[in-house]
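Starting from two chains that each stand alone, build the complex the way the hints lay out.
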Amino acid sequence: MKKFLVSLLLVAGFALLVTGCSSQNNTPAQQNGSEPAKAKVKVGMTTDSGTIDDKSFNQGTWDGTIKYEKDTGAIETKYLQPSGEQHTDYVNAINDLADTGYQIIVTPGFKFETSVNETAAKKPDTTFVLIDGQPHNGDFKFVKHNNVVSVFFAEHEAGFLAGVAAALSSEAGKLGFVGGMEIPPVQRFGWGYQAGVKYANDKYGTKANIVKYLYQGTFNDTAAGQTLAAGMYDQGVDVVFHAAGAVGVGVFNEAKQRAEKGKKVYVIGVDVDQFETGKISNGKSVTLTSAMKRIDVAAYDYIDAKVKGKFPGGEVITLSLENNGVGLPEKNPNLSEDTVKKVEEVKKDILDKKVKVPGTQQDLDAFLK
Amino acid sequence: MGNLLAMINNNRVQTIVVPVISVALGFLIGAVVMLLTGHNPLEAYTALLKGAGLLGDVKRFGDTLLSMTALILTGLSVAFAFRTGLFNIGVAGQMLMGGFVAVYIGVKFSLPWAIHFPVAVIAAVVAGALWALLPGLLKAKYRIHEVVTTIMMNWIALWSVYYFVPTLIPGHFNTESKSINPTASLRTEWLTDLFQGSNVNIGLFLALLAAIIIWLILEKTTFGYELKAVGFNPHAAEYAGMKVGRNMVFSMMIAGALAGLAGAVFYLGYCSKCCPLGFGLYCSSVDNCHGRLI
Chain A
1 MKKFLVSLLL
11 VAGFALLVTG
21 CSSQNNTPAQ
31 QNGSEPAKAK
41 VKVGMTTDSG
51 TIDDKSFNQG
61 TWDGTIKYEK
71 DTGAIETKYL
81 QPSGEQHTDY
91 VNAINDLADT
101 GYQIIVTPGF
111 KFETSVNETA
121 AKKPDTTFVL
131 IDGQPHNGDF
141 KFVKHNNVVS
151 VFFAEHEAGF
161 LAGVAAALSS
171 EAGKLGFVGG
181 MEIPPVQRFG
191 WGYQAGVKYA
201 NDKYGTKANI
211 VKYLYQGTFN
221 DTAAGQTLAA
231 GMYDQGVDVV
241 FHAAGAVGVG
251 VFNEAKQRAE
261 KGKKVYVIGV
271 DVDQFETGKI
281 SNGKSVTLTS
291 AMKRIDVAAY
301 DYIDAKVKGK
311 FPGGEVITLS
321 LENNGVGLPE
331 KNPNLSEDTV
341 KKVEEVKKDI
351 LDKKVKVPGT
361 QQDLDAFLK
Chain B
1001 MGNLLAMINN
1011 NRVQTIVVPV
1021 ISVALGFLIG
1031 AVVMLLTGHN
1041 PLEAYTALLK
1051 GAGLLGDVKR
1061 FGDTLLSMTA
1071 LILTGLSVAF
1081 AFRTGLFNIG
1091 VAGQMLMGGF
1101 VAVYIGVKFS
1111 LPWAIHFPVA
1121 VIAAVVAGAL
1131 WALLPGLLKA
1141 KYRIHEVVTT
1151 IMMNWIALWS
1161 VYYFVPTLIP
1171 GHFNTESKSI
1181 NPTASLRTEW
1191 LTDLFQGSNV
1201 NIGLFLALLA
1211 AIIIWLILEK
1221 TTFGYELKAV
1231 GFNPHAAEYA
1241 GMKVGRNMVF
1251 SMMIAGALAG
1261 LAGAVFYLGY
1271 CSKCCPLGFG
1281 LYCSSVDNCH
1291 GRLI
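Protein sequences, first through last, are from chains A and B.
Residue 1 is where the first sequence starts when you use this note's numbering, and the numbers rise one by one after that.
Residue 1001 is where the second sequence starts when you use this note's numbering, and the numbers rise one by one after that.
Be aware that a few hints might be false.
[Claimed, not checked] Partial pick of chain B residues on the chain A-facing surface, computed with a CB cut under 10 Å:
{"id": "1", "residue": "1060"}
{"id": "2", "residue": "1066"}
{"id": "3", "residue": "1067"}
{"id": "4", "residue": "1172"}
{"id": "5", "residue": "1179"}
{"id": "6", "residue": "1197"}
[Said to hold, decoys possible] Calculated lysine-lysine pairs in the DSBU-like style (CA-CA distance at most 35 Å, straight line):
{"id": "7", "chain 1": "B", "residue 1": "1050", "chain 2": "A", "residue 2": "144"}
{"id": "8", "chain 1": "A", "residue 1": "78", "chain 2": "A", "residue 2": "308"}
{"id": "9", "chain 1": "A", "residue 1": "78", "chain 2": "B", "residue 2": "1059"}
{"id": "10", "chain 1": "A", "residue 1": "308", "chain 2": "B", "residue 2": "1050"}
{"id": "11", "chain 1": "A", "residue 1": "78", "chain 2": "A", "residue 2": "42"}
{"id": "12", "chain 1": "B", "residue 1": "1050", "chain 2": "A", "residue 2": "78"}
{"id": "13", "chain 1": "B", "residue 1": "1059", "chain 2": "A", "residue 2": "122"}
{"id": "14", "chain 1": "A", "residue 1": "310", "chain 2": "B", "residue 2": "1059"}
{"id": "15", "chain 1": "B", "residue 1": "1228", "chain 2": "B", "residue 2": "1243"}
{"id": "16", "chain 1": "A", "residue 1": "331", "chain 2": "A", "residue 2": "347"}
{"id": "17", "chain 1": "A", "residue 1": "144", "chain 2": "A", "residue 2": "55"}
{"id": "18", "chain 1": "B", "residue 1": "1050", "chain 2": "A", "residue 2": "122"}
{"id": "19", "chain 1": "B", "residue 1": "1108", "chain 2": "A", "residue 2": "144"}
{"id": "20", "chain 1": "B", "residue 1": "1059", "chain 2": "A", "residue 2": "42"}
{"id": "21", "chain 1": "A", "residue 1": "144", "chain 2": "A", "residue 2": "123"}
{"id": "22", "chain 1": "B", "residue 1": "1108", "chain 2": "A", "residue 2": "122"}
{"id": "23", "chain 1": "A", "residue 1": "67", "chain 2": "B", "residue 2": "1243"}
{"id": "24", "chain 1": "A", "residue 1": "264", "chain 2": "A", "residue 2": "369"}
{"id": "25", "chain 1": "A", "residue 1": "308", "chain 2": "B", "residue 2": "1243"}
{"id": "26", "chain 1": "A", "residue 1": "123", "chain 2": "B", "residue 2": "1178"}
{"id": "27", "chain 1": "A", "residue 1": "78", "chain 2": "B", "residue 2": "1178"}
{"id": "28", "chain 1": "A", "residue 1": "123", "chain 2": "B", "residue 2": "1050"}
{"id": "29", "chain 1": "B", "residue 1": "1050", "chain 2": "A", "residue 2": "70"}
Since the hints were made in silico from the structure, they are not lab data.
For every residue, glycine included, the Cβ atom is placed at its ideal position computed from N, Cα and C.
Looking at chain B on its own, in the form it has when it is part of the complex (with noise of 0.2 Å):
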């Protein structure tokens, strides 16, 4: 018993064996949920790891990655902010200033293929860091929660994507914008073909580099060490030294990036090839989570 505590209690078998036994508790739990409403979870769950590509289709399989994309990205950006002691909320709006910045991009400009997609992607990045960056600062001067100001952001990105895509780029209804021009689509035949026609893109792989990059800034450089410092004890890091502002405007931009570049791949790479920006669902459902957690 004693060696069994001690060997849950190590951090290395933790990290391994939290989040399996958390999700077999959850599919546990979902099956009682069915049984008790009168379904048949051995069914339900055949049919998700069936729906999933996990039983042999290629095609599912690759329209499961096309939907991790973005969400690697958009859990990368709350996960770094709590690495560094900060509440990212404003996921929401920095992923939709990034798709918007991407998709204006993709529609007014036309380049070559191996330039349009960088810049449209480059751009978002920066357009979700930019809009990370006053809750940023009004954490670091004035220590306004950065919960209550990325909220406010999301609504005030919301809204002004709603005013500029109709003004700026309309579609053929005026809750979307024009189809990107096909060269700064994330999309790529091989991968496509790879996947017997799914739109599976070039963004998986972003979210994957994006994902190791993190991990490095985070656990291999003095910078990241800084950061996750400033997270744990403001108090003591600047004590050593640190400059624990400029790091809290630091890892929320960082943040906002990650989010912005959540946005890129999701309006450049998960719509067909007429990109509609369909502000609805996907914004509103991520900040109802978000009511919700609050």
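Chain A extracted, bound-state conformation (with noise of 0.2 Å):
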């Protein structure tokens, strides 16, 4: 009798495991049971991999919404976990949001691309912002589809900007760059982070190398990214900019991990401003500036749009420097104020097109010349 209580037990307690974990991906119904206005949009979200609160791309597209949602009350909003990282498991996390009456769905990363690709075409009554990423069918070939707007971010501009910043502010003249898989946006941050670095050599007179550029190849392992900044600090390097999700953590950690000893290292965000995540004991912080891009803009000027029938369906949008897209955070407590006078300079250039950030590997080459 006691066995089969205990068996009971544990088998009741899997079991509430299980549908802990199903019904709270399987329930996208409004909070609170509160009955919504009848005009309300329902927007959904489905995340990348990682977290919703990742600090990055999933918490930055979800921040935008729900601002959304506060600015104006005319949303109401649910966000979704696929249960795996495979086509598959996007497609259903984007169907069951779509069959449970979510006219708009926000996907971030390109990983949605194909998942994307399919469910637009089924449902076209659904909208989707597709951000860092194009519809495609699994072969590169791109799709219009005239409920899907895909938003691009020019990175190279942030990156720019984080080169000049890495330039100035840099007493080694040693920089390092982590990047994460080498895919298109992660290499346009590289891209535009060597050119900065070079344009504030040439403007003013710094003379800062880039002597360690590496790809770690994922966004996830947190360990590796510790152990690259560790030989890069190691080779005297001061600044290292990452471009490498939860890679990039790591990054973060060995810098913090000497920052406590002393060691004066400093480490460039990326994505969102990360300079909470920098901090260290003493209430500093190892971040010296963010490359950012708006993802949170770009959520909230896209659900915008289709709320409002001005959506621009079927269109490719890059987001840069000129519409707020990119660029570095309004504040930053460790660049000097002759480095933020200087940084706001170049982004003048760039804005005045007295310079082209370049944003392709040739580009990139014909500038260093």
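Shown next, in the form of structure tokens:
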């Protein structure tokens, strides 16, 4: 009898785990049971690899979405975390949202390219905001859907400013770069960074060099990121720019450990303002600045466009410095006043088209010559 | 009351009643948690049933069967090892190796469909069994506990696949392999049509077949009886003249073979036609679950 009870409890516990997980994934229902106003548009979001509080891509997208909800009250929101990272998982999550009345679905990341391609064709009444990606069928022949807007960013412009700031701030004159996967958005950050360093050297007479330029190969191997950063700091590098998701968390960990021991090392954050991520016990931060791409702005703007009936369906849009889609944070406590002033100058140069920031490997090669 | 107790204690009744009650309790406790956190459980459970296709959506029901396929096999692998007294925590690694070998064959060879996918599946089964061989041997020879060794083997599998995918079968991004050739896919048009576009595939039948075979082995053969006897009491089994070590190795290998098959049905069936071997989540989430179990 006792054994029976114990096994019963055990199985019940497991069943609870299972139902607990699945109900979280399958209940895109409105919260609190309150009756929503009739006009409210239901906006859903699916998370990319990682969770909603990743302090990066997912969180940025979600922040923009709920900001719109707070600002206007015209929408109600819900996010789903797909049960895995396969195409099928993404398709299922999108279908779960679409089938329960979500008219706008925001999907952050290139991994959604094939799943959005499939579901957009089958659900013409659902609108998709695909950030950092363009729909295709797995063969990279891009397909135009009138219910999808693809939003890209001019990462190279943010990388450029980061490069200028790094060159002006580095005391050793030795800089590093850690990329995640070698995919276009990450590469653009890197290309802009290289060009920015060169531009600062030419314009302001700094003598900075990128001595280590590496791609780790994933976005989630934190330990490897720390090892790479340790290697760089050991070589005398004092500023490392990471465009590497959770790999960058490893870079931060290494920099923070060294900063705790009184070493002067810095990290340049990515995607969002990572100043808080870099904080150490004395309240200072190892975050020199961050090369931001305003994912939140993208989510906000295109939800707004759809709600107001001005949705640019089928278009491929690139957000840049010009429309505040990329850039450095407003406050950079670790940059000197002089540096801030010079970075502003460079920003103006870009906006005035005095300098063209290279966005491809070819352009970069030409720029560096 | 006595009658009721007798009924509950009856084995046959228990095998049916226990799962039913536990699932019901699971729902109940889940409902309590949802109520406490201010959500409506009825709405949630309706969505759950609807999402699983139990309220009439054929494609969603197909998707449920699809998700079920790999879980039947991994569950079977763990259950089989349990029945023979072993705690196989290495399912994740065995599955990953099976899946890797299946995808490798799916990418590198081009054969007619009728040969290609069976070869890939069989190779995966063998790979899973071999991956479990070492822990089995260590247990049989030196009584090193399989919980420890299989967890170690999981990590070896993970990092091996991490290394071999980009070097042997690189895909578009270096976290995924090339797509398998369609001839290696377990999907068939008639099943996809039958389930209105769901990717449920032959893997489901393989899983059900495996369940029947395992039941036959355990319940209807001397070999299965020996395996169970070794699990219940190795000393008694040895005294009765059974080869304890050999049976342990076989148990581990059969459990590994089932996990390898799970890898094959997952990577040749569950993934879309471009079948990336994304090694992050599936494997690591299984690992994490195990981490919690210990």
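Results for each hint:
1. 1060: Holds - the Cβ of residue 1060 (chain B) comes within 10 Å of chain A, reaching about 8 Å at its closest.
2. 1066: Given a least distance of 7 Å, the restraint on residue 1066 (chain B) holds.
3. 1067: 8 Å, holds
4. 1172: 8 Å, holds
5. 1179: 7 Å, holds
6. 1197: It holds, given that the least Cβ distance between residue 1197 (chain B) and chain A is near 8 Å, below 10 Å.
7. B:1050 to A:144: Status holds; Cα separation ~31 Å.
8. A:78 to A:308: 20 Å, holds
9. A:78 to B:1059: 23 Å, holds
10. A:308 to B:1050: Roughly 32 Å separates the two Cα atoms, so the pair holds.
11. A:78 to A:42: Measuring from Cα to Cα gives roughly 8 Å; hence the hint holds.
12. B:1050 to A:78: OK: residue 1050 (chain B) and residue 78 (chain A) at ~18 Å, within 35 Å.
13. B:1059 to A:122: 13 Å, holds
14. A:310 to B:1059: 34 Å, holds
15. B:1228 to B:1243: Between residue 1228 (chain B) and residue 1243 (chain B) the Cα gap is close to 12 Å, so the pair holds against 35 Å.
16. A:331 to A:347: The hint holds at about 15 Å.
17. A:144 to A:55: 31 Å, holds
18. B:1050 to A:122: Holds: residue 1050 (chain B) and residue 122 (chain A) sit about 19 Å apart, inside 35 Å.
19. B:1108 to A:144: With Cα atoms ~33 Å apart, residue 1108 (chain B) and residue 144 (chain A) stay inside 35 Å; holds.
20. B:1059 to A:42: 24 Å, holds
21. A:144 to A:123: Measuring from Cα to Cα gives roughly 14 Å; hence the hint holds.
22. B:1108 to A:122: 33 Å, holds
23. A:67 to B:1243: The hint is violated at about 68 Å.
24. A:264 to A:369: Distance of about 32 Å is within 35 Å: holds.
25. A:308 to B:1243: 76 Å, violated
26. A:123 to B:1178: This hinted pair holds, its Cα atoms lying about 29 Å apart.
27. A:78 to B:1178: Cα-Cα ~34 Å, so holds.
28. A:123 to B:1050: 18 Å, holds
29. B:1050 to A:70: 30 Å, holds
Checked against the numbered hints above, the structure violates hints 23 and 25; every other hint is satisfied.
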